[in-house]
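These protein sequences, in sequence, are chains A and B. So for the first sequence, the working numbering puts the first residue at 13; every next one is plus one. So for the second sequence, the working numbering puts the first residue at 770; every next one is plus one.
Computed list of lysine to aspartate or glutamate pairs in DMTMM-like fashion (alpha-carbon distance at most 20 Å, straight line):
1) A:Lys102 <-> B:Asp1553
2) B:Lys1415 <-> B:Asp1371
3) A:Lys54 <-> A:Glu82
4) A:Lys108 <-> B:Asp1553
5) B:Lys1213 <-> B:Asp1116
6) B:Lys1061 <-> B:Glu1300
7) A:Lys102 <-> B:Asp1549
8) B:Lys1293 <-> B:Glu1207
9) A:Lys108 <-> A:Asp44
10) B:Lys1689 <-> B:Asp1609
11) A:Lys108 <-> B:Asp1549
12) B:Lys1132 <-> B:Asp1116
Beyond 12 Å from chain A on every Cβ pair, some chain B residues (computed):
13) Trp829
14) Ser956
15) Ala1049
Chain B side only, calculated, beta carbon under 7 Å to chain A, not exhaustive:
16) Ser1551
17) Ile1558
18) Met1559
If you are wondering where the hints come from, they were derived from the structure by calculation, not from laboratory data. Only a predicted model underlies this, so the values are computations on that prediction, with no experimental measurement involved. Built from N, CA and C at the ideal position, the CB exists for glycine as well.
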Amino acid sequence: MNPATELLLSALILLGAVFTLIGSIGLARLRDFYTRLHGPTKASTLGVGSLLIASALYFSLTEPGISLHEVLVTLFLFITAPVSAHLLAKAALHLKLHSLARRPEQNNED
Amino acid sequence: MSLLTLVLLPFLAAPVAAWGSRFGRLHAAWIAGAFTALALALLAPLLPPVFGGETLVHSWAWIPSLGVTLAFRLDGLSMMFALLILVIGLLIILYARYYLNPRDCMGRFYAYLMLFMGSMLGVVLSENLIQMVVFWELTSLSSFLLISYWQHRAEGRQGARMALAITGGGGLALFGGVILLGHIVGSYQLSDVLAAGDIIRAHPLYLPTLLLILLGVFTKSAQFPFHFWLPHAMAAPTPVSAYLHSATMVKAGVFLLARLYPALSGSTEWFMLVSGAGLATLLLGAYTALFKHDLKGLLAYSTLSHLGLITLLFGLSTPLAAVAGVFHIINHATFKASLFMAAGIIDHEAGTRDMRRLNGLWKYMPHTALLAMVAAAAMAGVPLLNGFLSKEMFFAETVHVAQLTAVGWLLPALATLAGVFSVAYSLRFIHDVFFNGEPVDLPKTPHEPPRWMKVPVEVLVALCLMVGMLPAFTVAPLLAVAATGALQATPPQYSLALWHGFTPELGMSAVALTLGILVYIGRKPLFALHERTVGRLDARAVYNALQGALLHANSALIARIETGSLQRMALLTVLVAVAAGTVGFLGSNAPLTGTRAGLPLDAVSLLAALALIAAALGTAALHRQRLVALVLIGVVGLVVSLAFVKFSAPDLALTQLSVEVVTLVLLLLALHYLPQHSPPESSNARRLRDMALALAAGGGAAALTWAVLTRPYEHIAGYFLENSVPGGGGHNVVNVILVDFRGFDTLGEITVLGLAGLGIYALLKGLRLPLRRADERGVDWSSDAHPPIMATLSRLLLPLALLVSVYIFLRGHNMPGGGFIAGLITAVALILQYLANGIDWTRGRVPANAHPLIGSGLLIATLTGLGSWVFGYPFLTSTHGHLHWPLIGEFELASAMAFDLGVYLVVVGATLLILIHLGKLSRTALPHSAEGSRD
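Chain B extracted, bound-state conformation (with noise of 0.2 Å):
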């Protein structure tokens, strides 16, 4: 259960902290700074076991027979990416709380920010791979959210954006790559995928499998060519970027490459993608920090090489290199995250970022500095910080690569210029910023920060000094259990002290610490080399052509699928249905007329086919005259509701009739805008054209049901007749079919209904139609717009009109009714009145707004369904009983009535929406002479 509470605890936190802010600035930093510590809390007791090498999996069933349960898993890997969020994510809750401004909202930014933590911790604990795919896509989300949060920013929108459609993209590609997966080991258990890595890799849907895996990773931690989305996402507030751009969001993807290294790593493909790509990420990153001259655009692309560094590690595929790998993770976590605070402190201080007017601060904030300082040595790597440890290990690591391979030296050499750049630009970090001459023309005086706001930084930077002086008595357990967490197998001997010996790493180390000084000091030719070469290319501009050129190509597309023409659509539609239908009376050569005798004909039943016949042939022909053609439609109307009632379907005969005078209103409302008679249009040859393909369809649609029709046919109405009253406790077995046998399925048709409504309400809600003054003969409109015989017997029939309407639903269960009709009954009785009295009159009366209703509805109808979780019952479960009631007697009640309740209000609620907003379109052109002169 604690895993579970740990990974809901911060999605808790978000709601409250969104809220607290509401009755005070602050409340939402405490909030969710308690939380956070609250879960830290709950891992705590659970931080033993694991660490005595224990790996803990707690599991429910979900789905499954998709094979999806939910389940957490914590080994020491997951420990460590826990503790990494949880502890850094402390920090930065107190650290944002000085950073953000008063103007700033800090309940969205703690919510967010929560929100992400939770996502996060459960990318990390997830022991279900589709489990942690759906966290990895709320981890891009929460991302997107936090990049924006200054959404008056044109750069934080676009960065936003940007980072959304690549980490986003990569989520998909990686959701394919952990299906694949699961259909290679046969379970989407972490636990089975690890110990399966020899089938994987033999499986010949590997490639494609470890393809898309590595495009999830390489977007998510901003891999060549996905870097370039990660500079951009600096636009977010500096706690956002300290916390998920450099130390734990992004290194979700290492974090994978870790999780499924024993499942993936150690074939060819593996070693050149993965090595491949973090190669070349770590020396673009490392180049191009050294030019930046926005601070934290230095971060940003020093982010950017150390990620590919670790990446460079798992990919070399040796056990050492994987526990390198892990070693980085945390040390660069640990100084990144304090770089980055002090980048925001010093941005907050001094008013800008830019590297060229941030001169000589230490005499401004010496503490900070030398925080800074410190910080960034260890991003040098400089001996005595955590940095040099784990480059040390990733040189070593080179050369022990480079005796194996053929390329021998390229690695190694490579690796050292990187590390020379690396020094460069923490060189450039340091000596720009606090020395190098007087600041210039800086919009405010610097000072140090708030007392509290260089806590984070100062624990951080401890942990750098703690962990780069005595290893052994720091880091070592939580890299060993972490370590063989990553592998699952005991990790290889390796030593964490400061001095091997003269070894060729730390001729590598001297090397890049001697080089990367001197390139600092000859950087001004560099510098403008740079600015005339290099700095000219820029991913972003080949990102924003590829998908201007995507939504262009789909523009186009779509111009030429869909040309705006109604009849085009229609012609399709029936063609093809045509043409499927065709192939299928083709495809077999069974009889048109079954073996059931017809049943004996009657003259009245003949006469009403007949008239129906008249009717639907009329419309057609008649439909330039529309009100003639919607009287006809209404015959058509009231014979198949004739229909229902000759073959015992007297609900299906109430509803026909409610919804034909509900569609009628609906019809002279619209047609109300539009002229009495349509002129013709189509040409000749096309009108036949729309004849045959009419009588094609209609013909195959008649041929269909005469084929069936004629056919004994089993189904399982035999079924529902049998258990309508001892399983649903009705007599009505349609009304019990809705709301309980197929009761998920009215939820969801109640739900479209809802939608529709909406959608609807939507459409119409900025149109404005101007109302004729006249009629097509040039006779004004009638000024008795409400005549006051009709307005005063509507008033009349409305009570009694509820009045059915409450029988109906009340019967609905046993006879012949039920929510749909009887809320159909209440809209027609309110349409009325608005017809009859005026929109003001009604409104004055009748509560206008439809959206409660419809939401109400929604949530009875889904509480219902709940309801019967809370007794232990599957969804929607119902239950009966009898009930007596003095006067009215015996009376069966079920569950299900509160259901039918929910769907009554939802199809009050879209009807009344649809209909009055059609007949308010036009009411601010009309005068209101008529309603004012009569009250």
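Chain A on its own, in the form it takes in the complex (with noise of 0.2 Å):
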């Protein structure tokens, strides 16, 4: 492996281990639910897709074919986090937690 290829994946890694310490940091720092909220997301997209790609790159790079394995950690990724990310904020807005923003209108099916 050239040093050029070793430099983009320590770099990917690392970018990788800063999005999901500022993920964990403000997971424990802001002020309300709904920003906490932001934290992990950032941590499980940016965070590990840094990482996915570097995995992918380096196991594409070192063994014989592409390495696939990462393509379905994304998608299932997208699949679930999404969800989570919902169902938080749904139970977050229908136990009418403290917010810092002003609360949207209550629609008619809640």
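Assemble the dimeric complex from its two separately framed chains, guided by the hints.
Rendered as structure tokens:
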């Protein structure tokens, strides 16, 4: 593996780690439930995304064939992450949790 | 082969008869009759060698290590019984076809009857004693089914229960006796046991063996003090009474007396016990029979007395008495079966069995009356009939034995007394029913039964006459060979002639006849006396009181042990485990730490272990906040599965992960019905106690693990690793162990899993829990039960998840995976649909019934196991081969895969069954507005 690729991979991994860290700090530090919800979503998209790209590149370059596992992981993440985020937000709205912003108008369905 | 076929034929006939009755009311009778005739035809070619003195033994190894073989034996005694069972059975089948009401289910009756016939044949033809006990119990069970055939009648159900309790209990005692007998002799084969009589009688365990076996005999043949079940068994349909409770089943007890006669008889204990019980039953039965107003009641007590007579004969322990016993078995079967059938005809045509109302039937049914009178005369022991011959032999033997013992005259005197009563009740049967004025208030106008209903009675009565008049030309060869079989030696010289000259027994017969007639004439004051005194005693009351006391004591005991407190149960269980462990630890002085060097410790493992400890502690500390505790348990599970990954057990890790998911869903569903927070309920002292106990138990387990892990350990893993590919055709050792090496264990486990699923289903089935309208903070549940984002995306997920589970399943034999994990994944994927889309939506698309899944899974697994029998290998032998699939490539296919498929189906079925029904608990209480508004 040439130094340029190594550099690229290291950068991607570091980037992923940083986003995950930022996400975690956000989850711990932000002031209300709705803003806290942003933390883990960053971690699971940008953070895990960078790590997955790094992994895909690494295994595709070092082993014969293209590594597609990461694509599957991405697919499952794309399916599950919005669902959990949506359900959490819905539950928070339903329970009328403290919010920094003004709550949205009640729709008819609730 | 043919003896086995003979025994199996009726068992085969039972389902066929039950099935055949769907197509016509009488089909069952025809089928039963055809099978019985076929069995007789099979028996016929075996008769000449047995008459020639041969003993046929056919045997197959069954459980050789336990000394159990499947072995059948045909000698004189068993041949005589087999003939009785089949011939009388055939007559009963014909009779019952007319007896049963159009409303009665013919198929069920004949199926039960055939079950009984097979069991009874099994009893008399068994060479192996354990096998005989199995058939013995089967006769009790089929008798239970037949007595309670009219399930709507309370007395039928009660009588059946009592008969089962008594004969079943006796069967258990007999089982114990047979095991002791096998222990003494060293073999359960009848041939060995019969040849070892001297060893048995000299053995210190002789008395307990004898007592246990006699318990079995006395309960089965209704000997005093176990006699009372037989009259209550008369609630059965009359063909059953005729067949089981006079001709065959109750004879199983005396059959066993005859069978084991060479092995057990001859001792003082045998003489006292057997003849004592026989004499008591003989007198009690003969006396009580006279006072019964019910026709069948009279016959039942008369049966008791005749069984007592036979028992007494075997108890006397002289070879001639045994011959007389065997002879009386034949005679009693013929005349008593015909009497029962006649009683059934009278009941059938007149509508009652009460002898106070049945009078003067001679005018209405002379043909039946004649038959019944001849049979009753045989019962009384009137000359020219078969009953006379065996009764004469009986009297002669009592006189013979009286000369040997001190009690002297007592035995013949009591025998004559029984004879007097027997004449009196026979006379009552004839005179009260067929003469004695006009019938009183009968429900029906009596008339002759259909022609063919009388044929069985005619056949039996003809036999009574022929044997009675020409014994030497009819019964003599059969009796000779049967007596030889019973004695296992040539019987002494005896004569079956009618006239022996003026002998004491002739005198006794004359006295019995004369006095019997006198007793009948003077019956009125006797009846009144009986009503005032003995008639008030009822053995059933004693039985019921005993049963009630037993049940009461047990309930009290259970109430003391099982208080309904889960905490207390857990406390006791853990306490016992800790105590047992402590004893084990203290008992050895080996060091706690073994010699094996520890593995290096890395930071990640340490961190994971710390997280595990923290999560476990947190679960315990925060258990009152149930949701938080649940999350912490999830952490424990995840760390454990990571540990599996680290120690190269990817299979276990996968399983652990899927189990975690399923458990979480299960607990969430259960928590749904519980309060979110539980208040502190235990006192501090109690919590301290529990904590101490928990520490002791956890510390003990940790110490044990430490001790095991620090020792070099030679285990069988090496064997499995070496043999996995050559022996099981798979590289995934865990899977090969599950489906091949230990396939039998797995079969048991999935059976348990399926049963657990069905059990939970049964528990939840009728349960309806109210769903609270709001949570504990007073906030209503969201009306949007199935948010569209989750619903839509979960539908997308289903095919993907199923694909994964198929992948995991297929690769399971060689790589991490297998049926169990794949089953869990499928179940999780389906449960997700239920959670996200609601029960109604999913039910419309996925077959909701999980029972067939469990059933077919078990069936596939079992059939795979049985499949190896076809190729001549032991159960569950696996085979494997290579297969080349286009596109996918080289593929290892093992028969274990089919087994794995069974595992898969059972896991899916059981998991779905439990979770869906738990989720449905409050479904009726749930308003379906959300569901309805969106559709």
